[in-house]
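K.L.:
One line per chain: the protein sequences are A and B, in this order.
Positions in the first sequence are counted from 1; adding 8 to them yields the numbering used here.
Positions in the second sequence are counted from 1; adding 93 to them yields the numbering used here.
Calculated from the structure, these hints are not laboratory results.
Be aware that one or more of the hints could be misleading.
[Claimed, not checked] Computed footprint of chain A on chain B, listed as stretches where at least three residues anywhere in the stretch have a Cβ under 8 angstroms from a Cβ of chain A: (1) 105–118; (2) 129–140; (3) 168–175; (4) 197–205; (5) 230–236; (6) 287–294; (7) 311–320.
[As the list claims (entries may be wrong)] Far from chain B, some chain A residues (derived; all Cβ distances over 10 angstroms): (8) V57; (9) S78; (10) Q87; (11) I177; (12) Y185; (13) A223; (14) E257; (15) R281.
Beta carbons: idealized from backbone N, C-alpha and C, even for Gly.
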Amino acid sequence: MTNTNITAPTPSFKLKFGRSKAKVRERKVIWLILPTMAVLVTLFVGGFVFGILQSLGFFSVIADSEQKISLDAYLAAFQNETVRSGIILTFRVAILSTVLSTIIALAISLMISRTKRFQSVLISITQFNIPIPHVVAATGVLLTFSQSGIVSRLTNHVGITDGSSDFPIITNDPFGYGIIMSYLWKEVPFLCVLILSALRGPVTSLDETAKTLGASYGFRLRKVILPYIFPSILSGTIIVFAFSFGSYEVPYLLGEPYPSTVSVVAYQLYTNRDLANRPTAMALATITSVVIGLLVYAYMKLTQQESRKK
Amino acid sequence: MKVIFRPFFLGLFVFWVFFPFISIIIWSFAAGWRFPDVLPAQYSMRGYAIAFDPNGDIVRGAITSTIIALIVGVIATAIGSAAGRAIAMYNFKMKKAFQFLVLAPLIVPGLAVTMGIQILFIKYGLSDTVRGVVLAHLIPTIPYVVMIMTGTFANFDRGYEEQGQVLGASRVTVLRKITLPIVLPGLAVSFLFAFVISWSEYILTLLVGGAAVKTLPMVLFAFLRGSDLTLVGAASIVFMIPPLILLRFTSKHLVGRSSSVTGLGSV
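So here's chain A without its partners, still in its complex pose (with noise of 0.2 angstroms):
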């Protein structure tokens, strides 16, 4: 985050007016973070541990006076054969995500970056599906690669396969090709303009003078380029992480009828006629909001050491 401190009073300044301008700017950055503060205190702060406290057993909705405050939501939830097998889907489908799609975006944007020709039709193409809604990414992919969809036809009518029933299941599968593949249809383009819009940064000039002085594209994309964009890439990986571990609509779409993604489990438990499972559903909740911050939290603390050492 940058911490570019614009308004530090100079010697001069302080001695005209004091600490009273201070205290005047203080109160005024009040102003500033007070709705901020209000919307995600009430609501995200407010959510988490309201979900927390109903997790233990608090603002139980069945009505009886033995109500009591345990851990055997937690319990219950991990014993869930459905959730244990939902972690693991959940688990390979963010690394994947991940991983894949960065890879595929680095790459994708240095080549453009090196590009002369089309160069701007190459960054509208990838600012295109940005504002595309998941849903319609996952319908996409559903329509293109189910056992009846556009690419089983193909396959059939050139005579690769025979008959819908022939082709793969690729969407709604056991694995969650379906799930990755419309991840990584949305976010490689998230993050190629991320990617692209660093590399248009103050890195263009260090990196002609690296090549004036004679150094080799390797050479620049180790000691210039890839030093130079390794936040934004850092920040992307944890959006793309945090969003492909938790989201609901693509799992939900592409995963059935197999156990799906630990969010597609906790609403189904949630909404559950039996209202005894949603202490569960929130103790999965909760499970996944802290299992997601602890990896963000080791992943950022790993990579500070790494960039410290370079």
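Start from chain A and add chain B according to the hints.
P.N.:
The following block gives chain B in isolation, referenced to the frame of chain A:
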């Protein structure tokens, strides 16, 4: 070998970006499309006739979605840019904690948080209302606005504002004539992100709005559970158009020397 390497992969990338739309577009015009046929035997405008029926689910869903996304876009952009300005230009107590609070919703799934808050929404009559849905949509949108506007205000020279003040302009005039025009690209991109996130949101709307607030994603999901893929295709096309129109007006600010997205690269 090396010469064809780059065009080949870039060509593949372009193909990959547009490939999923091919079947969506064909389906939207198809009058039935049986399996082995590579192309539909017959075409019709039935999907679009239903999609643009003024009393149909799609048009009504689109109107509800537009209203919600516009309100969310305006509120999120307004309050998020103020926070972005505070982070980029001032030092204050607990700044690190505030930044953490702003970034946390990017990491923690909105579904988890909204499930927790739902009992309060029911208690205070926000459940099943547009107001409630707008509030829920603020959670995932504000962080993007704050990040984009922090990046925008980091390159902002306070000198312009001070000159205006010295020359006797009121605070409102300074804001209207100096600050807003300078940060306009950032505001436009923030609005694009907030609008699009709200427009695409399904699960938060379902949790808070229930069956009472039917946005376009809920209509599309209902079609996807059915078997009429022509309707799915037409609804998907209608669903994509407003975000793409918004992109058309903001795309030049997405990539550039002073790109507004750079803020997103600084978690």
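K.L.:
Hint compliance check: list the failing hint numbers for this structure, sorted ascending.
P.N.:
8 and 14
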